[in-house]
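A.B. asks: Given chain A, put chain B in place with the hints provided.
2 protein chains.
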Amino acid sequence: MHCFWKPEGMPPRTLVPGVTAKIASGERMMFSLVTLAPDAVVPTHSHPHEQMGMLVSGTMEFTIEGETWRLSGSEMYFVPGGVPHAAKAGPGGAVALDAFSPPREEYR
Amino acid sequence: MHCFWKPEGMPPRTLVPGVTAKIASGERMMFSLVTLAPDAVVPTHSHPHEQMGMLVSGTMEFTIEGETWRLSGSEMYFVPGGVPHAAKAGPGGAVALDAFSPPREEYR
Numbered sequence: 001m002h003c004f005w006k007p008e009g010m011p012p013r014t015l016v017p018g019v020t021a022k023i024a025s026g027e028r029m030m031f032s033l034v035t036l037a038p039d040a041v042v043p044t045h046s047h048p049h050e051q052m053g054m055l056v057s058g059t060m061e062f063t064i065e066g067e068t069w070r071l072s073g074s075e076m077y078f079v080p081g082g083v084p085h086a087a088k089a090g091p092g093g094a095v096a097l098d099a100f101s102p103p104r105e106e107y108r
Numbered sequence: 001m002h003c004f005w006k007p008e009g010m011p012p013r014t015l016v017p018g019v020t021a022k023i024a025s026g027e028r029m030m031f032s033l034v035t036l037a038p039d040a041v042v043p044t045h046s047h048p049h050e051q052m053g054m055l056v057s058g059t060m061e062f063t064i065e066g067e068t069w070r071l072s073g074s075e076m077y078f079v080p081g082g083v084p085h086a087a088k089a090g091p092g093g094a095v096a097l098d099a100f101s102p103p104r105e106e107y108r
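Going down the list, the sequences are from chains A and B.
Residue 45 in the numbering used here sits at position 45 of the first sequence, and the numbers go up by one each step.
Residue 81 in the numbering used here sits at position 81 of the second sequence, and the numbers go up by one each step.
Isolated chain A, as found in the complex:
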């Protein structure tokens, strides 16, 4: 069954302080539209799910296996399953779209 989603109608879910997400699930993939408050931090973590993401607005530092990129524009990243990563929003905050495969059951 296909779906369309309007973010305005989706309840935000708090991931960590200052970081909320709106979740849309397919079958093999899940989208998480993440809003980070200015300077908000997602501490280093890992999960078995593959993650790809794209910055939508603002700026963000994204660290994967100890390598940090300062993202701007529509820059993208790929985190293989099980690999430690972290994020920190810039001073103006950030919005990013994360995609997970398989979907993260804990976010449904």
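In short, the hints are calculated from the structure, not lab data.
Everything numeric in this text was worked out from a predicted model, so none of it was measured.
Glycine is no exception: its CB is placed at the ideal position from the N, C-alpha and C atoms.
Worth double-checking, as some hints may not be accurate.
[Said to hold, decoys possible] Label-pair restraints from in silico Cβ distances:
1. B:W69 / A:R13: 35 to 43 Å
2. B:P7 / A:E8: 23 to 31 Å
3. B:S57 / A:P11: 18 to 26 Å
4. B:G66 / A:T68: 41 to 49 Å
5. A:P17 / B:A86: 22 to 30 Å
C.D. replies: The following block gives chain B in isolation, referenced to the frame of chain A:
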């Protein structure tokens, strides 16, 4: 191996007239950052890969199994594998991020 991508450095690939994409591949997923010229049309087609997408800028009509939504903002869509879908950019063009799982080998 993790990756970061800057869209400015990625070669655009023409999908159909007026529609180009920049492709980034993971293992289970592929991102396609699609730019549609004003009123550009992606004709009805299907593929076995699951597709989820989000409008990044502009406006776009997206049709799945005959149901058409006029997308604006950061609206999202899910197209199960094998389901016919089509798109048409609005008069100002559009940018959308599509994610496929599994990756589309023909785009690598």
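A.B. asks: All hints, please: hold or fail.
C.D. replies: We went through each hint and held it up to the structure:
1. The hinted window of 35 to 43 Å between W69 of chain B and R13 of chain A is violated, with their beta carbons roughly 24 Å apart.
2. Checking the proposed 23 to 31 Å range against P7 of chain B and E8 of chain A shows it holds: the Cβ atoms sit about 26 Å from each other.
3. A beta carbon spacing of about 25 Å between S57 of chain B and P11 of chain A agrees with the range 18 to 26 Å that was offered as a hint.
4. Between G66 of chain B and T68 of chain A the CB atoms are about 46 Å apart, so this pair conforms to the stated range of 41 to 49 Å.
5. A C-beta distance of roughly 42 Å is found between P17 of chain A and A86 of chain B, which places it outside the suggested range of 22 to 30 Å.
The structure does not agree with the numbered hints 1 and 5 stated previously, though it agrees with the rest.
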